[in-house]
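Q: Given next are the chains, with one letter for each unit.
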Amino acid sequence: MSVALIVAFIARFCELYCLVIHNIINKPRACFQAPHLPQDCNCSACEARRSHLSRIGERSLIELSEVSYGYGAKPLFSGANLSLGPGTFHFLTGPSGAGKTTFLRLCYADLLPMQGSVSLFGDVSAGMSRDSIARARQRIGVVHQDCQFLDHLSLRENIGLPLLVAGRDPRLSERNLSELLAWVGLENREAAFPPELSGGERQRAALARAVIMDPDAILADEPTGNVDWDMSIRLLTLLTELHAMGKAILMATHDLALIRAAKSRSNARVLRLTGGALQLAGSDL
Amino acid sequence: MTARLHLGATEADRIVPPAGPPVRLTLATAAAMAFLAVFALALSLAAGRVATLWADALARTATIRISAPVGEMSAQTEAVLAVLAQTPGVADARAISAQEQQDLLEPWFGTELPLSDLPIPALIEVTEDVPGYDAEGLRQRLAAEAPGAVIDDHSRWRRPLVEAAARLRIMGWIALALILGSTAAMITLAAGAALAANEQVIRTLRLIGAEDGFIARAFIRRFTLRAGLGAIVGAVAGTIAIALMPGPGPAEGFMTGLRFSGWQWLWPLIVPPMAALTAYLATRRAARWMLQGMR
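Protein chains in written order, with this note's numbering: chain A, 1 to 285; chain B, 1 to 295.
Simulated from the structure, these hints should not be mistaken for laboratory data.
There is no bait here: all hints are sound.
Quick look at which bits of chain A chain B covers, simulated, 3 or more residues with Cβ under 8 Å:
| id | segment |
| --- | --- |
| 1 | 120 to 133 |
| 2 | 147 to 159 |
| 3 | 163 to 169 |
One-sided excerpt, in silico: chain A residues whose CB lies under 10 Å from chain B:
| id | residue |
| --- | --- |
| 4 | A109 |
| 5 | L112 |
| 6 | I140 |
| 7 | G141 |
| 8 | M213 |
Derived Cβ-Cβ restraints for the label pairs, each shown as a range:
| id | chain 1 | residue 1 | chain 2 | residue 2 | range |
| --- | --- | --- | --- | --- | --- |
| 9 | A | G72 | B | M171 | 56 to 62 Å |
| 10 | B | R203 | A | D123 | 18 to 24 Å |
| 11 | A | E196 | B | G293 | 29 to 35 Å |
| 12 | B | G293 | A | G246 | 32 to 38 Å |
| 13 | B | M245 | A | E196 | 55 to 61 Å |
| 14 | B | R14 | A | G246 | 30 to 36 Å |
| 15 | A | S173 | B | P17 | 22 to 28 Å |
From the three backbone atoms N, C-alpha and C, an ideal C-beta is built for every residue, glycine too.
Could you build the full structure based on these sequences and the hints that come with them?
A: Following this line, the structure appears as structure tokens:
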């Protein structure tokens, strides 16, 4: 009886010991910095994330599988694979004309892949109805280099527009809107009309509009393309804050300095789109 | 989609920029079309009344004209009436008095016509009963009894008149259909122009996750309300214009005016809903077509 007890105790002790060692060894790399959830890790952090994932029911928000796309006979890129899980941060870089914008448009079903498949929240984009694409977009915030607004509506109304579009009453989210305007530093510009805004203000307004619906993923296409360095850093800070809140971020940029600045403050992965293929860049940036 | 088309501006309407010239043109054209539609309706209904009037009232009557020397006139009239009294299918036969003849001729020849001096034929009005009489048999018997009598069953001039009235009625309905079709075409063009002018707005809305119905509704509401409103103005103006038209006058019972009669005054009420429905369908089709073209 006592022998059995001792054996059980030792076994339990070993298990706990292993788990602690495992966590100490793997914590910085595998668990906290991993853009994707490690399959083989049993540490408490990973378990928590796993249970969170099983609760929201999706392993990846946006998934590209062997995707190719081109505008002529020759594909722009092919065989691209990517899985954007909850809470991941990816940069997408590459030379001009490599297809960064095209890649992002595939991610919100603005384009359909020529080969392979793109799935949004588990649905293959090619098979989705127009309205289910619209509903998927309510869960994806998109920021463009030159963002378009409804010029006849005030900035505040523009930022609340996704709520209206989704059938909610923006007047019920007044406080949310005010907080969001303050977060992007546009609380004094809320009555302005979009044509009156500067480039940096437009980008921050677009970011606020992209997150008003509390989306799961944020796709940004060269959001810092038209703004100076200080504003770029400010936008980046806003994006890293969103990432810290658990949003998946995919940001296309050709600004390597910005990527370096980001790497110092978050665990971003860098995807490089070059020579017709999507590669995961090393840590050599 | 229809259920959410309440009246009055809603928050969602503001996604479409404020009205431009196309929307005002829609209003004006809808009013003009409704005005014309009321006239086409009046034309159709009046033509229908004329056709019915002539077909019914004249179909059951015939006239026998007796041209005889003055001395034989009353004898032949008596003979004809006697024949008619024995003819199966004749419900009533009545000699038209000199005074009635005077009244009938008065509009044509004036009041001072010395009727007794003229060799006016005697007239007998014959009313058939439902199975009718044997016209050929009667004609032969009259030829034997009163050689001066001629039957005129009106069909010679009644048929073309009834046919003309029926044609006129069809033309009225065709005009109405054409007006409706033109309204649909006009709204489709106006809605297409408005959708094209707002392409950037629509793209932005799609990007932030607007469903097709949401975008389409904003445009559909705008055009449906404008067309309906314009049609109300046009239909009221048209109805007033019809009411100011002269009535049938002294020839009542034989001719008819363009004015509606009785419950027909309710007909113009269907014009605005028809215009609104047409605008609704046309805008919806234009919006669907436009939205299908963009992702």
